[in-house]
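> The primary structure of each chain is shown beneath.
There are 4 protein chains.
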Amino acid sequence: MLRAAAWVHWVLFRPCTGLSVRMISSGIDRKGVLANRVAVVTGSTDGIGFSIARRLAQDGAHVVVSSRKQQNVDRAMAALQGEGLSVTGTVCHVGKAEDRERLVATALEHGGGVDFLVCNAAVNPLVGSTVGASEQVWDKILGVNVKAPALLLSQLLPHMENRRGAVILVSSVVAYMPYVELGAYNVSKTALLGLTRTLALELASKDIRVNCLVPGLIKTDFSKVLHKNEAFWNKFKENQRLQRIGQPEDCAGLVSFLCSPDASYITGESIAVAGYSPRL
Amino acid sequence: MLRAAAWVHWVLFRPCTGLSVRMISSGIDRKGVLANRVAVVTGSTDGIGFSIARRLAQDGAHVVVSSRKQQNVDRAMAALQGEGLSVTGTVCHVGKAEDRERLVATALEHGGGVDFLVCNAAVNPLVGSTVGASEQVWDKILGVNVKAPALLLSQLLPHMENRRGAVILVSSVVAYMPYVELGAYNVSKTALLGLTRTLALELASKDIRVNCLVPGLIKTDFSKVLHKNEAFWNKFKENQRLQRIGQPEDCAGLVSFLCSPDASYITGESIAVAGYSPRL
Amino acid sequence: MLRAAAWVHWVLFRPCTGLSVRMISSGIDRKGVLANRVAVVTGSTDGIGFSIARRLAQDGAHVVVSSRKQQNVDRAMAALQGEGLSVTGTVCHVGKAEDRERLVATALEHGGGVDFLVCNAAVNPLVGSTVGASEQVWDKILGVNVKAPALLLSQLLPHMENRRGAVILVSSVVAYMPYVELGAYNVSKTALLGLTRTLALELASKDIRVNCLVPGLIKTDFSKVLHKNEAFWNKFKENQRLQRIGQPEDCAGLVSFLCSPDASYITGESIAVAGYSPRL
Amino acid sequence: MLRAAAWVHWVLFRPCTGLSVRMISSGIDRKGVLANRVAVVTGSTDGIGFSIARRLAQDGAHVVVSSRKQQNVDRAMAALQGEGLSVTGTVCHVGKAEDRERLVATALEHGGGVDFLVCNAAVNPLVGSTVGASEQVWDKILGVNVKAPALLLSQLLPHMENRRGAVILVSSVVAYMPYVELGAYNVSKTALLGLTRTLALELASKDIRVNCLVPGLIKTDFSKVLHKNEAFWNKFKENQRLQRIGQPEDCAGLVSFLCSPDASYITGESIAVAGYSPRL
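Protein chains in written order, with this note's numbering: chain A, 29 to 308; chain B, 29 to 308; chain C, 29 to 308; chain D, 29 to 308.
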């Protein structure tokens, strides 16, 4: 727990508002909700993934962070440990079997089991048109966005069974309403909706729930090509009656809920965090 | 950034914008996440509605309970007050304009505004076939299940604006996958999916989010005709790979989340609490 | 396999199973695909409904046209009879029980049974906001758009059984993606998606299929408030990558298909005729 | 119109029933609908694909049939040519670039352009559990079911532009409601729903519509592991209120419609031919 002086310091000098307040405050009271649990979050050194990792750690879990570059892993771990959170980390390109194995091994160092897996790593969406995509582009997109989560889960599964665990896949509103510019990326995100449902059926008997976070336009480096484009953003905002752009913390709030006992009868669901809904 | 003195002042004395509430309440206790908020829950003296009322009160809200019979209202209030929760109550048949007015008046007795509206009241599902439904049956089902929530919201709306409020409608998995025996009831529940989305668009500018709870088979008196039918239940459970029947508290957990700041970028969504998902 | 003699007998003397009708009629001419069938189309003196009536008559059916005004019925009948098509007509406000009865009676004048029912009559969409809708507005919209098709079908049903019949309800893309300006109209159109599915389940054993036409922006008087608004139309067209506005005949083509033997395994479906799809 | 003698001859000696009636008869009158058009159908020497190929040829198109084995291609071509239909054929494993190129070349032999592409080739669904799927299994399923249709379309596209063309992808009801036994196959079929929509957006400006056939349980060799399992079939039939199992011709009827001018404003849609609908 943060001491009072640190907290005042943070109140005075941290730039952001509501979310961080929530973080600190809920550091006091809700820490218990995921205490003694272990969470693996891929693509978690920046943006949505980082925010999820931080939130699950604030909720009391030990979190294993990872992404493709060592320096990003180091930076994220330093930041989270600086907040007094329990984290370990490792480099992991989810598309590589040996990296996934190392990630599993790192996760198991903390107590021998894993409760939560959040699959956030994804290929950059700007892959061009679907009909222009080469075999290599398809392999990369489907490999990282669809195959890798399934394979990582397969490797983790023996260590997740019968722990009231949860898997969260990260899709996108483009899964439902494709952006023409995103081509094969749209398709990979639709596939994740199906992966969510079939995994939910398969893993129900192992007491593992599987749900899907469906972010809309969230303010991250990943999406800045969209939200920094003022014409796009203004039109998008008007079309969807958005009041504001989403923040990574908005996504983290849902993931925290989906891992918690409050969501213990929710599985197979895909839930948009978008300021609107892309489907009935 | 707020200067420290102003900020402390604001923390202490600002009454009820969502942000300050969030800080103060969650700074103390998870139970306080909805402190100083007022929630109206219809059909809340039994089953899912009662469980939602209790949970929102446990989260710190003042809750207005209601249903069609005085004795049920009395019983529910006694039970909740016996748990030390802040509740008031009134008889309300949501299909009657004067009852809705009385409910609004009762809600306003507690501080002058309303933050959350949960519309749970519904006609019993066993209405027979769709083609066998008379004009009277249709009027009753559409009246209570679809029209009444919209009209109640209209009456409450002037008191809900700009408070970071939330509306939760209660649909059903039969909205997506109709049970043939439920006829017009299925249709009314599908209509609520549309009502959720159109209200979400309309109310976004008033800082009110609108989402939809989609229960599956939940163990209540309302549904016992289904779950007490062993043949039905066994087949249903097997078809959906269910591990257990849902409990009213499972629904309450989602509603608690949807009212909380963690869901502040979620609107227009319909989320199943069913042990499976009825849709992509 | 039937022996030839028995089969010839059956071709000649079996009155009205779908199969024999199919063989005989389509043996003559594509225009005859619906020969010897009777179709009731509501709201059919203008726009989409008129186009459907014309197409089903061109396909060989006898078509009963109707709408609220005698002069419109007269005009439509004159136009269709002028094309050599087989039609009768009557005034019918679908929200009125006695009008529905008269429509049924008119339909039965032609051979004693009805094969197809297309429910196109609808309240004008410009009903204002959902939260601004009075009880009277809701009653009108739900009454005409949702209840009336169900009640008309109930009245026709005894005359539609076991004829390989088909019902087509007419929803709208706003059922999936509401326009904020259309309020309760959106909700009624979503309800029709549910009505389609529950009726399909109920009527399967009577050999009646039930499907839903989901028009997008179709060039009619009904929709001109939208497509005549150049700003709206340009934005809409760009958002959905539309190449053109839809024509009533585009809708009629789908309805013709849905009534034909080619669609004999399609039931419960909702199909958009919109130049794009509003859902996965 | 068929002369009586020919018709009696056909009655006596043709093996199949209703569908063939339709075929022969519509061979006279509807032949025009796709006359002078060229259609490529993959996986078309058996089952659903064969039925689609036959129907499009009956509608007047020249059809290029293909599948993985020369003897199957020879058999299918002989059967179709024996019916007086215009077909050519080639071996094509859609997962192989050189095979796709040969298929394109074969298609271009007939007039230099292609109007319709129906992608039916698919990996056998019995691939086991999702979490048990190896990287090789994923590569095969996603490669053949998702990547191959996209790549084949890319190769054909220069020859399809501005001809009022149509692409039909073949998904499955398991895209919406996964069967737990089908694992990664379910996921690939969900991906096709997304591929349909993103391609529809991309190709609208080239006057090519893209839609998706969503078969339910259709009586083919491919699906016999399901429909031959009596316990499964009986339960499935009861759950979905099915009156009968689907026939390949039911699928062909929809594809014929989707290629025809009657569907010229339908794009991006997924339509179930299943005797029920798996979604709103």
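Treat the hints as calculated values from the structure; they're not laboratory data.
Among the hints, erroneous ones may be present.
It does not matter which identical chain is used: a pair holds within one copy or between any two.
Okay, derived cross-link-like pairs now, DSSO-like style, lysine-lysine, Cα gap no bigger than 27 Å in a straight line [what the hints assert, rightly or not]:
| hint | residue 1 | residue 2 |
| --- | --- | --- |
| 1 | Lys265 | Lys97 |
| 2 | Lys97 | Lys234 |
| 3 | Lys247 | Lys168 |
| 4 | Lys124 | Lys265 |
| 5 | Lys234 | Lys247 |
Everything numeric in this text was worked out from a predicted model, so none of it was measured.
> What hint numbers does the structure not satisfy?
Of the numbered hints, 1, 2 and 4 do not hold.
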